[in-house]
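Asks: Chains as they are written, first to last, in the numbering used here: chain A, 2 to 119; chain B, 3 to 113.
Hints are computed from structural coordinates only; laboratory data are not their basis.
Mixed in with the good hints there might be a few duds.
The following label-pair restraints were derived from C-beta to C-beta distances [to be verified]:
id, chain 1, residue 1, chain 2, residue 2, range
1, B, Thr79, A, Ser88, 37 to 45 Å
2, A, Pro71, B, Thr79, 26 to 34 Å
3, A, Asn8, B, Leu5, 24 to 32 Å
4, B, Arg95, A, Thr77, 24 to 32 Å
5, B, Thr79, A, Leu61, 34 to 42 Å
Just so it is clear, the structure is predicted and the values come from calculations on it, not from any experiment.
Backbone N, C-alpha and C fix where the C-beta goes; we use that ideal spot for every residue, glycine too.
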Amino acid sequence: DTGVSQNPRHKITKRGQNVTFRCDPISEHNRLYWYRQTLGQGPEFLTYFQNEAQLEKSRLLSDRFSAERPKGSFSTLEIQRTEQGDSAMYLCASSSWVLAGGPQGTQYFGPGTRLLVL
Amino acid sequence: TQLLEQSPQFLSIQEGENLTVYCNSSSVFSSLQWYRQEPGEGPVLLVTVVTGGEVKKLKRLTFQFGDARKDSSLHITAAQPGDTGLYLCAGARPNDYKLSFGAGTTVTVRA
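Please construct the entire structure, taking both the sequences and the accompanying hints into account.
Replies: Here it is as structure tokens:
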């Protein structure tokens with residue numbers, strides 16, 4: 002178990018550019034989540050996948066944001082035409098469905114990608 | 003308005019003292035998780051509680067889930083400088099898989 006990994010760890014871009022982040026979940030986990038965290042706040046939910054299906058999107062996820070998980074393994078989050086307000090830590094988490102009797106849906110987080118839009 | 007309210011927002015104590023962080027809501031949660039986060043890193047899971055009234059201990063850390071599953075607390079005994087960090091509570095509501103987070107409590111333990 003190597004944990005959740007995210008790449009890149011840091012990204013600096015100019016306003017208007019597109020950026021893409023990658024998340025590799027824990028290998029046996031079928032659920033994958035994206036969150037965004039700004040300074041002084043807790044993470045806020047963006048979207049989640051069960052296998053390759055994107056099942057829920059937050060209203061925070063504007064049409065400039067798109068997430069994919071094409072084969073039910075790794076996921077990408079793309080931001081088009083970045084704005085300064087997109088500057089934040091983007092966190093990925095994964096979880097597995099556990100049969101009754103266990104802690105359902107405990108989420109394990111990656112180290113995050115810190116985005117700075119100039 | 004956040005679903006989970008954490009208090010206090012900041013806590014600075016001397017090594018060896020005890021501290022308690024509170025996480026409150028008017029909503030019921032099917033599970034509640036506590037994480038610790040270092041600057042520039044992702045949250046690291048400390049514990050998951052799922053049963054109302056449940057108490058879990060992790061060395062010097064004691065976690066409690068309220069009987070009604072609306073609130074939780076984290077108590078640290080004899081705090082050490084290594085306990086310094088941002089403590090986050092997060093809950094999953096019934097039939098929901100996403101987590102709602104509190105704003106966090108920044109704990110500083112002075113040597």
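Asks: Hint numbers the structure violates, sorted upward?
Replies: 2
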